[in-house]
Amino acid sequence: MEIRVSIDREKDFEAEMTKEEAENGRDEMLIDGPEQANTVPDGFNATYLRIYYGKLFPHADIFKWMSYGNDGKHPACDKSYFGRREFSFTLENDIYIRFQSFNSVSELENSIKEKCPFKIDIGPVYSVDPAKRHAYAQSGHNVFTPVERELVFDIDITDYDDVRYCCTGADVCLECWPLMTVAIKVIDTALRDDFGFNHILWVYSGRRGVHCWVCDGKARRLTNEQRASIADYFRVYKGNENSNKKISLPGPVLHPFLARSYTEVLKGFFEAKLLSKQNLLASEERYEKILEMIADASVASELRGRWQENKRLSMSKEDINIARWEQLKHILQSGKQKSQGLRRCVEEIVFSFTYPRLDMEVSKHMNHLLKAPFCVHPKTGRVCVPIDPNNCDEFDPTTVPTLSQLLEELNKGGLRQDAESEWDRTSLGESVTFFRSSFLLPLLKSCKEEIESSHNAKLQQSKNALSW
Amino acid sequence: MEVVRSDRKSSSNDVVVSTLPLYRSAPPLEVRLEDFELFAMDRLRVLKGISDGLSRGKKPEEMENLAMDLWKANMRHLEATEGVNKDVISHFVLRLVYCRTEELRKWFLSMETALFRYRFHSKSSEAQRVLMSEFKLPYKPVSNAEFESVKDKLGQVARSMGQTLPAADAIFYKVPFEEVPELVAGRRVFIHKGHAYVAMNQVVSLVVTQFRSNLSKALILTNRKWTSTIREQEKDRLAPIVEALCTSYLGPDYSQPKEFAEISIKDIDQISKTSFPLCMRYLFEKVREDHHLKHGGRMQLGLFLKGVGLKLDDALAFWKAEFVPKVGAERFDKEYAYNIRHNYGREGKRTDYTPYSCQKIISSTPGVGDHHGCPYRHFSEENLRAALARMGVGSRVVEDVMDKVHNRHYQLACTLTFEAVHGSSCDAGINHPNQYFIDSQKILQSKNGSVA
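Chains A and B are the protein sequences, given in the same order. Residues 84 to 551, numbered by our numbering, are exactly what the first sequence covers, in order. Residues 3 to 454, numbered by our numbering, are exactly what the second sequence covers, in order.
Treat each hint with caution, since some may be false.
What the hints assert, rightly or not - Incomplete in silico selection of chain A near chain B, CB under 7 Å: (1) 126; (2) 127; (3) 277.
Claimed, not checked - Restraint-style ranges between C-beta atoms, simulated for each label pair: (4) 473/A x 145/B: 32 to 38 Å; (5) 426/A x 202/B: 55 to 61 Å; (6) 62/B x 476/A: 40 to 46 Å; (7) 252/A x 154/B: 57 to 63 Å; (8) 539/A x 140/B: 17 to 23 Å; (9) 233/B x 541/A: 51 to 57 Å; (10) 354/A x 70/B: 24 to 30 Å.
Stated by the list, open to error - Within a straight-line C-alpha distance of at most 25 Å, the following computed DSS-like cross-link-like pairs (lysine-lysine) qualify: (11) 447/A x 138/B; (12) 142/B x 108/B; (13) 153/B x 447/A; (14) 301/A x 444/B; (15) 108/B x 447/A; (16) 372/A x 176/B; (17) 406/B x 301/A; (18) 444/B x 528/A; (19) 447/A x 195/B; (20) 195/B x 176/B; (21) 155/B x 268/A; (22) 541/A x 138/B; (23) 195/B x 531/A; (24) 196/A x 162/A; (25) 313/B x 301/A; (26) 301/A x 176/B; (27) 147/A x 162/A; (28) 350/A x 155/B; (29) 268/A x 195/B; (30) 142/B x 313/B.
Simulated from the structure, these hints should not be mistaken for laboratory data. Positions of the beta carbon are idealized from the N, C-alpha and C atoms, including for glycine.
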């Protein structure tokens, strides 16, 4: 057992170490030979987490972010802003405490270090301090209500189980992860180009999906109805388990948003990657699923006939999936297929397999909680690190730093004490740097501008009032 | 708005007649107390009709026709000015009625907004433009140069909805996308950098959003006025009317059993299984099981049984048989019999009480130990699923029912259950437990050729 995290300097850790030793017994202590001096056993436990929160978790950055400039000195700053934000902690043993609130970065940091939550969720900013909601409730009027909340999206790979053959459930591999990458590309582009949002943070959820935080002022102030309208703008799935066709794209042409998503992202991904990676047309069982989506039974049976016949032929040169897809497209889009619906089938199939599947409820309501970035997923031990949407193809969930890996890196750093930037000694450094430079700094800059301009507008107004 | 006091003359000539009233402020009109209530009832019939139509999933065109028919039937007045007055007065009365709780406000807001939408849509485009200017919306039509730059995209959106391409002189408004959530949700607009391009034939959405937000704010203010002053000032005059209006049920009241009059105690068990809606079936099972029901449950089930055709003597016998094992005969006669006679109008103020409608049951607030209320609203999902399974509802229908429940269409959920249990459609929907019972008996009768 070697967690040499500046034990000499921090009493807390010393205490923890003793506890850890007691818990883990002598065995691991004995393994402690010279070769393994810097290995930290895999896993997730309160002791590791306590060190993580003590040394690596970017408390100050989270505080800066969630303050949206209101922690500044400007007279227009809303000093109560951060204190009205709900944080929820899930403690060890699934004890869940909601409506935590903090008035400063040190309150936040001390509480996290003290309670050592296995999961931290972030809720909305309420009209009043959520920790004091009962006191307000007694006044009779229901003044305790959410007033601001980032627009959030939650995409989970488990929702893609009917279109991926490599993994099921919570598992994710490099074969199916690109589905998440595609989701990021489609949603990110629409949020920026269509809705005009600029401050968007994508985060790996630590296990099987991604979260998206849209933090522009106007996104935070959206009503539930407006949130729902954006979620519905993104929705193309209508069917349930009992319908063959889960996607319906009516109308003679696609809406510009869908058309762009199709030509810029979905089509290329489906044809170049997904078809062969997931072997979508290689076996009868799999191609039947696609044939079911073709509205015309005779066309489907024509394709079925060809594919059953040529399964014996060696298709050595060409990938069988791609060859069959070309046949399908050729038949559906050839001149003799007059019906608009049949031509549309090609697009519907591509959308069915690749279009982002959002958890709609998370986005529709202000008071939905979402896990904070930089939390550690208890099942995988992986840190919820930001993902760069411009380079999301390079993101690899299997190499995201784990808790034990980070502690090991801290150990390797040895006595090189540099309290200001512990994470620079670890592979978390890159993520924190990215979070700051690509997200936090531009966000705070625009918050400052917003605060100043609204202040000036108010000054102007009161001047006018005086002159009048 | 003033309710008539003798020394004031009618000032109806001063009212500005507009294409559609926007209900900005209460009119300086005098209203006779009877009209105060009658006008409100008439408008309520329109709103309830719209509510029923929406919960039955009618299409937008059907809804518009329905709303206009309802309006003609209930709100039209021979004299145009009087019609406008009635429109405005009834709106402000109902504002008072429906300002008092979150739930009432929400319902009123949705129904008034829907009504406004259909009425706006039915107006000429000239009238629509006048109305738009009355809302003082700060949006200008898109300039020619800008139109040219996005023309292709606008055409693409139009064609995606199966419409023709916009003409060169078509008017589009560029508005923040937040202003037109329904157009965004349906992908019926082109959105670029936070702005939606709204075609002239879509401005109804823009106006409706504005109407809704104005009314929403106004309802909050009305509520403050109501709690701070009006309720106290008007406690002997308007307050009772206002409080009664929101629970009033406008269909048949089922206080007198008709078609299937006279059921006797020995039939009840059988009938409860075949023809009681879940809320009553559950109460009935509970009283059999516990030999007791708290007040809310006794009222809900007792009045229903009266509507079903249980005579007073039978009712007394029924409740007594159930309660005696628990409370004893003496206590029953002392504490419970009075209440049953009371329900049948034989005690107290001798009112013949009417069975509860679905709306009343749904809006009731059962507490600990209570079994009354609407199962679709008040049961947990788990319990509701189990109860439906016991009624023999198949799992696929259960999913449909749960779907309605999640969307808070409790009556629609009950209708689906009815249809599943009886294997027969129920187009009118379920609005009243006694209607459920009567419709059920009709179906069973036609199946068996005899009364169950």
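Hint by hint, here is what the structure shows:
1. With its C-beta approaching chain B no nearer than about 36 Å, residue 126/A sits outside the 7 Å limit, and its interface hint is violated.
2. The restraint placing residue 127/A at the interface with chain B is violated, with a minimum CB-CB distance near 32 Å, outside the 7 Å limit.
3. Taken as an interface hint, residue 277/A checks out: its beta carbon lies about 4 Å from the nearest beta carbon of chain B, inside 7 Å.
4. Take residue 473/A and residue 145/B: their Cβ atoms lie about 34 Å apart, and the range 32 to 38 Å holds.
5. Checked against the hint of 55 to 61 Å, the pair residue 426/A and residue 202/B fails, with Cβ atoms roughly 31 Å apart.
6. Between residue 62/B and residue 476/A the Cβ separation comes to about 43 Å, which falls inside the hinted range of 40 to 46 Å.
7. A beta carbon spacing of about 44 Å between residue 252/A and residue 154/B contradicts the range 57 to 63 Å that was offered as a hint.
8. Between residue 539/A and residue 140/B the CB atoms are about 21 Å apart, so this pair conforms to the stated range of 17 to 23 Å.
9. For residue 233/B paired with residue 541/A, a C-beta distance near 37 Å fails the hint of 51 to 57 Å.
10. Roughly 51 Å separates the CB atoms of residue 354/A and residue 70/B, a value that falls outside the hinted 24 to 30 Å.
11. Proximity of residue 447/A to residue 138/B is assessed by CA-CA distance (about 30 Å); at most 25 Å being required, the pair is judged violated.
12. For a cut-off of 25 Å, the pair hint linking residue 142/B to residue 108/B is broken: about 32 Å separates their Cα positions.
13. Restraint check: the Cα-Cα separation between residue 153/B and residue 447/A comes to about 31 Å, which exceeds 25 Å; the hinted pair is violated.
14. With a C-alpha separation of about 57 Å, the suggested pair residue 301/A and residue 444/B falls outside the 25 Å cut-off, and the hint is violated.
15. Using a Cα cut-off of 25 Å, the hinted pair residue 108/B and residue 447/A holds, with the two alpha carbons roughly 18 Å apart.
16. For the hint linking residue 372/A to residue 176/B, the alpha-carbon distance of about 43 Å lies beyond 25 Å, and the restraint is violated.
17. Straight-line distance between C-alpha atoms of residue 406/B and residue 301/A comes to about 33 Å, which puts the hinted pair past the 25 Å bound.
18. Under the criterion of a C-alpha separation no larger than 25 Å, the hint pairing residue 444/B with residue 528/A is inconsistent with the structure, at around 71 Å.
19. Taken as a hint, the residue 447/A and residue 195/B pair is honoured in the structure, with Cα atoms around 21 Å apart against an allowance of 25 Å.
20. Distance hint between residue 195/B and residue 176/B is fulfilled; the C-alpha atoms sit about 11 Å from each other, no more than 25 Å.
21. Note on residue 155/B and residue 268/A: the hinted pairing holds, with a Cα-Cα distance of about 21 Å set against a maximum of 25 Å.
22. A hinted pair counts as satisfied when its Cα atoms are at most 25 Å apart, and residue 541/A with residue 138/B qualifies at roughly 23 Å.
23. As the CA atoms of residue 195/B and residue 531/A are separated by approximately 22 Å, the hinted pair is consistent with the 25 Å bound.
24. Taken as a hint, the residue 196/A and residue 162/A pair is honoured in the structure, with Cα atoms around 24 Å apart against an allowance of 25 Å.
25. Between residue 313/B and residue 301/A the CA atoms are separated by roughly 64 Å; this puts the pair beyond 25 Å, and the hint is violated.
26. For the suggested pair residue 301/A and residue 176/B, the alpha carbons sit about 17 Å apart, so the restraint of at most 25 Å is met.
27. At roughly 13 Å between alpha-carbon atoms, residue 147/A and residue 162/A fall within 25 Å of each other, so this suggested pair holds.
28. A distance of roughly 20 Å separates the Cα atoms of residue 350/A and residue 155/B; the hinted pair therefore holds under the 25 Å criterion.
29. Note on residue 268/A and residue 195/B: the hinted pairing holds, with a Cα-Cα distance of about 17 Å set against a maximum of 25 Å.
30. A distance of roughly 69 Å separates the Cα atoms of residue 142/B and residue 313/B; the hinted pair therefore is violated under the 25 Å criterion.
Hints 1, 2, 5, 7, 9, 10, 11, 12, 13, 14, 16, 17, 18, 25, 30 from the earlier list are contradicted by this structure; the remaining hints agree with it.
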